[in-house]
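J.: Read off the chains here:
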Amino acid sequence: MASSNHDPVDLSRIFDVLVIGGGNAALCAAMTARETGADVLLLECAPRELRGGNSRHTRNLRYLHKSGDHILTGPYLEDEFWDDLLRVTEGQTDEELARLTLRESAEVGRWMEQHGCRFQPPLKGTLHLARTNAHFLGGGKALMNAYYVTAEKSGVGILYDAEVQDIEIQDGRFASASVLSNGTTHTVRAKAVVAASGGFQANISWLKDAWGDAADNFIIRGSPYDTGKVLRVLLDLGAKPVGDPRQCHAVALDARAPKFDGGIVTRLDCVPLGIAVNNQGVRFYDEGEEFWPKRYAIWGRLIAHQPDQIAYAIIDSKSIDLFMPSVFPPIEADSIGELAEKLTLDPSTVEKTVTAFNRSVKPGTFDLSALDDCVTEGLDIPKSHWARPIDKPPFYGYPLRPGITFTYLGLSVNHRAQVIMQDGEPVPNIFAAGEIMAGNILGRGYLAGFGMTIGTVWGRIAGKEAAHVAIG
Amino acid sequence: MAICNACRYCEGFCAVFPAMERRRTFTDADLKYLANLCHNCRDCYYACQYAPPHEFDLNFPKILGALRQETYRESAWPASFAGLFARNGFWVSLITVLCVLAVLFFTFLLKGPSAVFASYHGENAFYRVIPYLMIVLPFSALGIYILTSLFKGVMRFWRETDAQMEDLLDLNAHIRAVWDVMRLKYLDGGGYGCNYPDDRFSMIRRWFHHFVFYGFTLCLASTTLAAVYHHIFHWNAPYPFFSWPVVLGTCGGVALIAGAGGLLYLKTQMDAAPAVPRAFSMDISFIILLLLTSITGLLLLLLRETSAMGILLVLHVGIVFGLFITLPYGKFVHAVYRYAALVRNAAEQMREDRLNR
Chain A
1 MASSNHDPVD LSRIFDVLVI GGGNAALCAA MTARETGADV LLLECAPREL
51 RGGNSRHTRN LRYLHKSGDH ILTGPYLEDE FWDDLLRVTE GQTDEELARL
101 TLRESAEVGR WMEQHGCRFQ PPLKGTLHLA RTNAHFLGGG KALMNAYYVT
151 AEKSGVGILY DAEVQDIEIQ DGRFASASVL SNGTTHTVRA KAVVAASGGF
201 QANISWLKDA WGDAADNFII RGSPYDTGKV LRVLLDLGAK PVGDPRQCHA
251 VALDARAPKF DGGIVTRLDC VPLGIAVNNQ GVRFYDEGEE FWPKRYAIWG
301 RLIAHQPDQI AYAIIDSKSI DLFMPSVFPP IEADSIGELA EKLTLDPSTV
351 EKTVTAFNRS VKPGTFDLSA LDDCVTEGLD IPKSHWARPI DKPPFYGYPL
401 RPGITFTYLG LSVNHRAQVI MQDGEPVPNI FAAGEIMAGN ILGRGYLAGF
451 GMTIGTVWGR IAGKEAAHVA IG
Chain Z
473 MAICNACRYC EGFCAVFPAM ERRRTFTDAD LKYLANLCHN CRDCYYACQY
523 APPHEFDLNF PKILGALRQE TYRESAWPAS FAGLFARNGF WVSLITVLCV
573 LAVLFFTFLL KGPSAVFASY HGENAFYRVI PYLMIVLPFS ALGIYILTSL
623 FKGVMRFWRE TDAQMEDLLD LNAHIRAVWD VMRLKYLDGG GYGCNYPDDR
673 FSMIRRWFHH FVFYGFTLCL ASTTLAAVYH HIFHWNAPYP FFSWPVVLGT
723 CGGVALIAGA GGLLYLKTQM DAAPAVPRAF SMDISFIILL LLTSITGLLL
773 LLLRETSAMG ILLVLHVGIV FGLFITLPYG KFVHAVYRYA ALVRNAAEQM
823 REDRLNR
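Taken in sequence, the protein lines are chains A and Z.
Here the first sequence stands for residues 1 to 472, where the numbers follow our numbering.
Here the second sequence stands for residues 473 to 829, where the numbers follow our numbering.
Rather than coming from a laboratory, the hints here were simulated on the basis of the structure.
Ideal Cβ positions, reconstructed from N, Cα and C, are used throughout, including at glycine.
There could be a bad hint or two in this list.
Between beta-carbon pairs, the in silico distance windows are [claimed, not checked]:
1. A/70 - Z/643: 39 to 47 Å
2. Z/719 - A/70: 55 to 63 Å
3. Z/644 - A/416: 53 to 61 Å
4. Z/565 - A/70: 20 to 28 Å
5. Z/657 - A/170: 55 to 63 Å
6. Z/634 - A/121: 52 to 60 Å
One chain only, chain Z, in its complex shape (with noise of 0.2 Å):
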């Protein structure tokens, strides 16, 4: 850090550089508040002369990004659970199967085997496989479970990083952290891209990472919708194809499967060098997991008219459990502490604004 402080080349990459000038002297606690803020863009490992084979063996992007672990460990609610962590990808498709087997177990157990490998028509069909009150009641207590862990988990972080509480109320600093998030700003590497998957500039990533994340999103306006249909209109799924739960569904499906299969074959081409190798089974369980949840979930649309649908419903409805019950123990966290450390750095580029004006 010293190094980079007194070089300054990779100024114009990102945030990190910026942020770091404010400083002199770094305390641990500022370390993983840049950390975060990284986007692991990598321009700075291959612009700077000081990386390996040079002596000062400068690797910057892995040591931000070991860090990063320790916060997610760190700040993991409850703390016990923090284990998770470390060999992620063995209990992410660990408790993943478990869930499918919840699942399945349980649907036995209520309808019976028959009623799993049977073809329906018409309304209510998901409901006489999975009752109706075993999907909305788990996922209503899993959803205020995660929103209470990531909540923790930030509010950890905040203190940990010796942020001002005042810049997280500030809602300006908001705006400008949603608008950074919105257009992954600080992958752009100051206007010409990462260096990923190799040593050139490319927009590739970005672009499937803006395919996950609008994925994401319009996956969860579709299930949004959808609640909105079944509790205030009184509509019950499925729904037709051009109703707009399914069109919002199969295109945030169609684009994660895009954005996340275009992810996981870059990191199957990308230079590790720069890479955190207890990070791989992370990233890589986190990425396979949305595109299953993607592809059983437009499958169960394609085929929930044969008889395929019951066994399909259970496959995507367990992978959706799998997939919510390890958000606040795997990769999803980086979003939560990179949007917290974007807040502060956007009320720190305003305060100093102000002070040069």
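So here's chain A without its partners, still in its complex pose (with noise of 0.2 Å):
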């Protein structure tokens, strides 16, 4: 980059406030720890190209917000919120510190704005976000661009390709970090910390100890750098874990779509359009259930039960423009048959199952903005909307796998985002902000642009104690 040159970072002095990790949460909590007056390091992992962690592949956030107004179109109050979390994670959260995002989030608008955040109208494909969510112009990545110029005009040093290997604990508090930067370990202290370097999805072998080789077919929708190394330092040194390290945030993907960092473009929307099966041949699930935005982060976990995790989602021409484009074009075929030998399937098989499911279709009136009529009958896995014969050639498939956006297991914080530790005692200066700690807050299940709400929020609150501990 033509800009930004930086003095290089003094590590030998001792800084207020650490921070790991380089994405939503720690730049919240990195902006907010400097304003309050501390001394800030940030340390991000990732080389200056690819920082941001998750955050850089998100669009927007949910806050409660009591109008609509130039990017909103309509208010959102605790309530509504608070029910949405509630069936969304069926209770498996923590109602305090639940209600407490809820509420701070009140604020994050206009303290996003002020830190260089340009919002926009809801993009097209999302617009039933458009009421409860705000949309970041250009995206995340762009988003993460305006926070990390407004932290380094505040003053905040900032480490790339700086990555936390270890932490020291004396007496109960953080004394230091080594931190492997330009092939050289530095012993980097401070008054407090904040670990926000997100969950463990990156690291394939902590998901095998939860999914067995199951994870080796597991996709990784966001940054390699992941690799939950922080996390696993502070659950070996005691903190107190929380979550379900079998929970994720977990969606269908196009099966062809990178290991890693695929982000956005490699999700498929047209399960409800269709049917799905597995490499059997058969229907496993009812892919009308609810609306795919509501439906479509259970299909990661579906997938995964899957044998092989893989699942084919079969449609035909009259679907085909009824979703938005992926990134991989469909598999066609004129024939049912040849397009399962194209995705590698058995052909009478899926020839039987398509067939019976044509004849299962009630007449109906097609509604995709609605719960609509078009029901199956007498099929022991039922279709309960959207549910039309697949008979119009050419026929598309696509192969699907589990894509894992972030983990839930996590580090176990109190109101003030301060790590608690195995004798339920938080440590006094060690906090914990973003995908780390969404455990505590997101037992399982997801809601769109929720993960933003908690990076964000929690970000401000660890920055905010983290810098009182540091300073007085």
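Take the two lone chains and join them into the complex the hints point to.
T.: Structure, rendered in structure tokens:
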């Protein structure tokens, strides 16, 4: 980059606040701590070009607001927000922390704009979020760019390619972190630390501990740098875990997606328009259960439980233009048998599945914008909406894999974002924000744009509290 | 392009992404249209999660920039001059130098060397160095040639991009497009400017471009007005300092120097990653030619009472010849293809609005 020549950061001094991580939560914490008066160093383990963790793949965030404005079409109040959260988590949330998140989120829209965020009206394809979620102009990477500019300007020290490998605790307090930077390990001391280094979703061997060999077939949608190193170190030091290691945000992705960092473009929205079969050629779940935006996050887990963790979506030419295009072209054929062959499935089984499905479809009025009356009758696994016979060639197929967005196993925190140890006591100067502690609030399920809400709210809490601890 | 249409995060920056979303699949013709609709603000490059070093290696502004270069070559008229777009800086410089030499040569031939180095006062001073007809006849011919060439180019571009002829005749689309041009709407990146010269948002490039655009317009207005003075009122140049042609020309020249100088400076500061290297010499040579035109023009104004007038006039007229001869074969053509693309975009937008109503 032409600009931004920084002085090399002097790692020998004692910083007030050390922020580990380089995504949304980390930047919110660093900016807040700096504005509270602290001397702040932020350590991002990715290189500058790939900075921002999973936040670089996001596009909006959900926050409480009393009325609509130039970017949001209407109010979104605490009761509705809480109901939404309760529904997706099925109650697996800490009500105190969750309600704190919702209330604090009322402030973030304005705060974000003051820190360089630019909002825009919702994108095409996300109109269902127009009332609840504010969209970043250009998406999450543009937001991260803006935050880095703001953080740099305010005097936050930033080191890229800097990986925290270990943390030293003395007398029950954080003392220092050992940081690998430019091939050398440095001991960086600080009066307080904020761990905002994400989940462990890019750590396949850790995923295997929870999922077994199935994890080899998972696609990681986000940053390959989210290996959970700091999470592991803190858990090993006796931090109290929260959440189930198998719980994560997992969606159905095009199986041809890159192993890491494929982001938004590999998602496939065509499942409710046709059928999905596993590699045995049979259906395994109601494709039309609910609106896709409300259901797409369960399909990652559904596919993870199928043999070889793979599935295939099959639609016909009636539906090909009805969903957002994905980056990979569909596999196309003039008959179901030929399509099955191209998808490496057994043609006769798939033909049988499709014939049985087509026969069971009841006449109805197809309407994607509503839970319509196009249903099947007589199938073991019904399709409850948008069921239309798959009979108009050419036929199209997409291979699907589970795509992990982020894992939920994390660090327990209190309302000040302090990390709680297994004895139930918080460490006075270790704080956590973002995905690394999202499991406190999101025990399961997901709400669109809520990861960024957690990151922003808790980044700000952690930054402020850490600065207070450090500078008194 | 499949990546962009599946992602759509950049929808808010400019007209290219909404135009892309009106299509589900893309032909080469569509791509060429979108490439010329692109104002190269680079906002999408820095916002792109798939930009290098990501394995998708998506450098959208660079792809579109390369396509624009192709458009310029393919649509050149006559086609045999398309080669001037390769090594454009070299050709533009060579042609300009030759023009200056040619003006000098004919001046010597017609008026003798002493005419160039004498000092003059009063009416018709310029034409005592370079005869009136030697300016007017070639420039008139050149004007007709340039208009023909650019018109042919646009028609070819319209055909090559599979655009509808009725859109080109849509007056409302033209009104919208002119308004877009006058504001440079799509250099505003959804309200915050370009990521130029680096990854921060800034309006600076838009301002400099405005200076160039309106400076150029003022200079054209000045020349046109001077022609009116000459032919209709029979008032002969040079005109006094506070006459309209001189005031317009001076303002235009100063604006051009500020704008072109600013753009040149930004070019030296810019992040080269999203740029097309081949376009560099074309961009630079056009900017420098604009600068030289304005500088010699203003110097001519300041020193027209001295013996430097003759040589400055030769230089100025020669450079202006160079500028105009290379107009259809250099950076200037971006303006006509961009305008054509904006007209089409406006027509498509209005069709979409009508459908949604």
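J.: Could you tell me which of the numbered hints above are not met by this structure, giving the numbers in increasing order?
T.: 1, 2, 4, 6
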